[in-house]
Amino acid sequence: MERKKTIVATASLAGCFGCHMSLLDIDERILSLIDLVDFNKSPINDIKNFTEYCDIGIIEGSCCNSENVHALKEFRKNCRILISLGECAIMGGVPAMRNGIPIRECIEEAYMNSPSVKGHNPEMILPNDPELPMLLDRVYPCHEIVKIDYFLPGCPPRADLIYSALEALITGNEMKLPYEIVKYD
Amino acid sequence: MAQKITIEPVTRVEGHGKVTIHLDEEGNVVRSRLHIVEFRGFERFIQGRPYWEAPVLVQRLCGICPVSHHLAAAKALDVVVGAGTGHGLSHTAEKVRRLMHYAQIFQSHALHFFHLASPDLLFGVDADPKIRNIIGVARVNKGLAVQGVMMRKFGQELIQATAGKKIHGTGAIPGGVNKNLTEEERDAFTKGAAPMNPGAMVVWAEEAIDFFKQYYKKNREFIDTFSVFPSNHLSLVRKDGALDLYHGNIRAIDSEGKVILHDVDYQEYFNYIHEEVRSWSYMKFPYIAELGEADGWYRVGPLARLNTCTFIPTPLAQKEFEQYKANTIGKPNNMCMHTHYARLIELLHAAEVIRDLLNDPDLQGNELVRRGEKKHEGVGVIEAPRGTLFHHYRINDNDQIEMANLIVSTTNNNEPMNRAVNHVAKTMMTGKKEITEPMMNAVEVAIRAYDPCLSCATHALGQMPLEVSLFDADDQMIDRKKKG
Numbered sequence: 001m002e003r004k005k006t007i008v009a010t011a012s013l014a015g016c017f018g019c020h021m022s023l024l025d026i027d028e029r030i031l032s033l034i035d036l037v038d039f040n041k042s043p044i045n046d047i048k049n050f051t052e053y054c055d056i057g058i059i060e061g062s063c064c065n066s067e068n069v070h071a072l073k074e075f076r077k078n079c080r081i082l083i084s085l086g087e088c089a090i091m092g093g094v095p096a097m098r099n100g101i102p103i104r105e106c107i108e109e110a111y112m113n114s115p116s117v118k119g120h121n122p123e124m125i126l127p128n129d130p131e132l133p134m135l136l137d138r139v140y141p142c143h144e145i146v147k148i149d150y151f152l153p154g155c156p157p158r159a160d161l162i163y164s165a166l167e168a169l170i171t172g173n174e175m176k177l178p179y180e181i182v183k184y185d
Numbered sequence: 186m187a188q189k190i191t192i193e194p195v196t197r198v199e200g201h202g203k204v205t206i207h208l209d210e211e212g213n214v215v216r217s218r219l220h221i222v223e224f225r226g227f228e229r230f231i232q233g234r235p236y237w238e239a240p241v242l243v244q245r246l247c248g249i250c251p252v253s254h255h256l257a258a259a260k261a262l263d264v265v266v267g268a269g270t271g272h273g274l275s276h277t278a279e280k281v282r283r284l285m286h287y288a289q290i291f292q293s294h295a296l297h298f299f300h301l302a303s304p305d306l307l308f309g310v311d312a313d314p315k316i317r318n319i320i321g322v323a324r325v326n327k328g329l330a331v332q333g334v335m336m337r338k339f340g341q342e343l344i345q346a347t348a349g350k351k352i353h354g355t356g357a358i359p360g361g362v363n364k365n366l367t368e369e370e371r372d373a374f375t376k377g378a379a380p381m382n383p384g385a386m387v388v389w390a391e392e393a394i395d396f397f398k399q400y401y402k403k404n405r406e407f408i409d410t411f412s413v414f415p416s417n418h419l420s421l422v423r424k425d426g427a428l429d430l431y432h433g434n435i436r437a438i439d440s441e442g443k444v445i446l447h448d449v450d451y452q453e454y455f456n457y458i459h460e461e462v463r464s465w466s467y468m469k470f471p472y473i474a475e476l477g478e479a480d481g482w483y484r485v486g487p488l489a490r491l492n493t494c495t496f497i498p499t500p501l502a503q504k505e506f507e508q509y510k511a512n513t514i515g516k517p518n519n520m521c522m523h524t525h526y527a528r529l530i531e532l533l534h535a536a537e538v539i540r541d542l543l544n545d546p547d548l549q550g551n552e553l554v555r556r557g558e559k560k561h562e563g564v565g566v567i568e569a570p571r572g573t574l575f576h577h578y579r580i581n582d583n584d585q586i587e588m589a590n591l592i593v594s595t596t597n598n599n600e601p602m603n604r605a606v607n608h609v610a611k612t613m614m615t616g617k618k619e620i621t622e623p624m625m626n627a628v629e630v631a632i633r634a635y636d637p638c639l640s641c642a643t644h645a646l647g648q649m650p651l652e653v654s655l656f657d658a659d660d661q662m663i664d665r666k667k668k669g
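Residue numbers (the working numbering), protein chains in the order written: chain L, 1 to 185; chain X, 186 to 669.
Please note that a few of the clues may not be correct.
As a list, the in silico SDA-like pairs of lysine to any residue whose alpha-carbon atoms are at most 20 angstroms apart [claimed, not checked]:
hint, chain 1, residue 1, chain 2, residue 2
1, X, K402, X, Y509
2, L, K183, X, T355
3, X, K516, X, E441
4, X, K338, X, G309
5, X, K350, L, D160
6, X, K327, L, L31
7, L, K118, X, E587
8, L, K118, X, T355
9, X, K327, L, L33
To be clear, the hints were calculated from the coordinates, so they are not data collected in a lab. Small disclaimer: the values here were computed from a predicted structure and weren't measured.
Generate the whole structure from the sequences, applying the supplied hints.
Pasting the structure below:
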């Protein structure tokens with residue numbers, strides 16, 4: 001009889017995808033994960049696609065716009081365990097460097113002042129279409145929006161750390177955290 | 186009844202992009218748009234930071250090809266610290282960086298082919314998304330999946346050896362690198378047990394091309410006709426016209442092969458390339474200034490590079506290049522799906538470059554950094570896996586960054602991706618009252634050929650989910666379909 005697989009969902013909010021790439025860096029171990037984990041449910045599925053309750057939700061990135069917040073709340077609702085993966089999810093990371101700066105200045109720098117735009121945007125067009133989600137006043141780490149169960153540090157967290165955490169959660173054994181695999185850069 | 190259709194190729198969850206298609210009352214496609222909905226504000230918040238932070242900070246834009254950003258920033262700052270552009274560095278520094286960069290090209294192209302393209306080729310684009318991923322590949326063809334995983338691993342480990350980390354490394358610094366490659370580090374690759382050595386990687390890259398060519402033979406019509414449209418092409422090329430992914434001048438040609446930017450110095454890119462802002466996307470639209478917004482847009486990436494370069498400076502890839510060029514009788518290739526083919530030829534080229542570079546004793550040299558007369562401004566351009574990447578910095582007398590401008594690879598392909606979506610929409614949606622499944626697939630395949638970071642990453646572990654919503658003239662949703 002086939003053992004019931006652990007359902008894992010992942011999301012990338014305001015991040016760079018590096019944490020997801022680090023997950024891929026578990027290399028050939030990903031092939032042995034097939035027997036334990038069902039990734040099909042959602043690496044980056046639409047939140048509204050949650051058709052079953054997931055065991056583990058992995059969040060990369062922070063919340064910088066309204067859609068990020070919405071997505072994060074849906075993940076909380078649909079996952080038993082929620083993990084903040086990497087510095088952006090844990091503390092806002094590099095995107096949170098904009099927190100001390102008015103958002104208008106960030107927009108104007110990119111769309112009016114840059115050397116390849118300056119003088120070529122006489123109508124001063126800025127991205128403001130209703131299709132674009134609303135930017136938040138600042139970038140929020142995930143635990144300020146919802147409850148987070150585990151935090152895996154690193155930029156990105158090392159593949160061994162991610163694997164060790166997943167393995168422990170799947171098997172129910174205690175997580176091994178040797179000094180060498182916990183990094184903060 | 187006028188309709189609006191919304192497709193979210195990558196979902197609301199990650200909020201990176203979505204497509205809207207507007208139909209008029211007769212059901213004709215009025216317009217379609219690929220919206221990029223992500224904005225982070227790097228250009229502004231980096232102001233005030235010391236310049237030497239840029240190579241490690243700005244690479245956090247993208248964890249999929251961080252080495253490209255790391256090196257583009259370092260190249261810009263080489264100019265600032267007076268080391269000059271391109272060949273101003275010591276042999277050791279330039280070669281360590283080249284090794285890092287080609288390792289990145291190798292792993293990224295391998296990732297794209299095995300994790301993203303091979304499931305489509307094995308199962309077809311209409312197959313159940315549940316099996317259309319690397320795990321599905323592992324179930325039916327374990328050898329192929331293992332090959333993909335090991336090629337990526339080889340590239341990533343080479344990046345670690347040169348940059349210090351697999352993702353977001355620190356190896357390149359303004360004026361050079363912070364370490365060389367020791368003999369032990371080198372031997373771990375050159376004397377690695379099969380298949381983890383450069384020779385085996387060359388063979389596997391050749392096999393990947395054969396795999397594609399066999400598919401091409403059987404599916405020629407699809408590959409040659411899907412989403413074909415003429416465009417300009419732009420990339421860096423070496424002085425002698427060779428393909429060079431680390432350094433060169435900017436060359437652009439039109440769809441017929443006429444040169445429109447003749448190997449210009451990228452330090453003055455802003456004289457040749459401008460960007461248009463459109464209110465419905467955070468991603469700007471670059472164009473060749475002289476041709477204007479309507480005609481100056483261009484493609485970048487593997488397809489463009491094999492159009493602009495004259496030859497490939499490694500023998501096996503050159504042989505494949507000649508065969509590839511024969512398909513268009515030497516003319517520029519404007520066939521979207523040939524991007525996959527071009528990408529694999531570059532994969533082989535990268536494997537050859539890595540193999541040759543690893544035997545170069547300059548990698549063990551001790552002159553790591555060069556400095557000269559300080560400047561206040563510098564531009565760094567590199568050919569990232571997905572295309573030409575521009576970094577431009579200006580600093581003040583306190584060494585703080587005062588201005589930063591970034592034109593990333595996927596941004597350069599903004600207009601082409603929009604054209605591709607429009608092409609698919611017009612062909613498949615005209616007169617349709619309902620969203621059809623083949624249309625959903627076609628949009629996904631069209632966007633993915635450009636390998637925008639989003640598609641590559643979402644597909645790496647699963648599928649690219651699509652959501653299509655159909656709206657009537659009053660913006661009421663009347664139909665909705667999902668896949669993935």
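Structure-based check of all given hints:
no.	hint	in the structure
1	K402(X) with Y509(X)	13 angstroms, holds
2	K183(L) with T355(X)	15 angstroms, holds
3	K516(X) with E441(X)	7 angstroms, holds
4	K338(X) with G309(X)	26 angstroms, violated
5	K350(X) with D160(L)	13 angstroms, holds
6	K327(X) with L31(L)	9 angstroms, holds
7	K118(L) with E587(X)	16 angstroms, holds
8	K118(L) with T355(X)	32 angstroms, violated
9	K327(X) with L33(L)	14 angstroms, holds
Hint compliance for this structure: hints 4, 8 are not met, and every other hint is.
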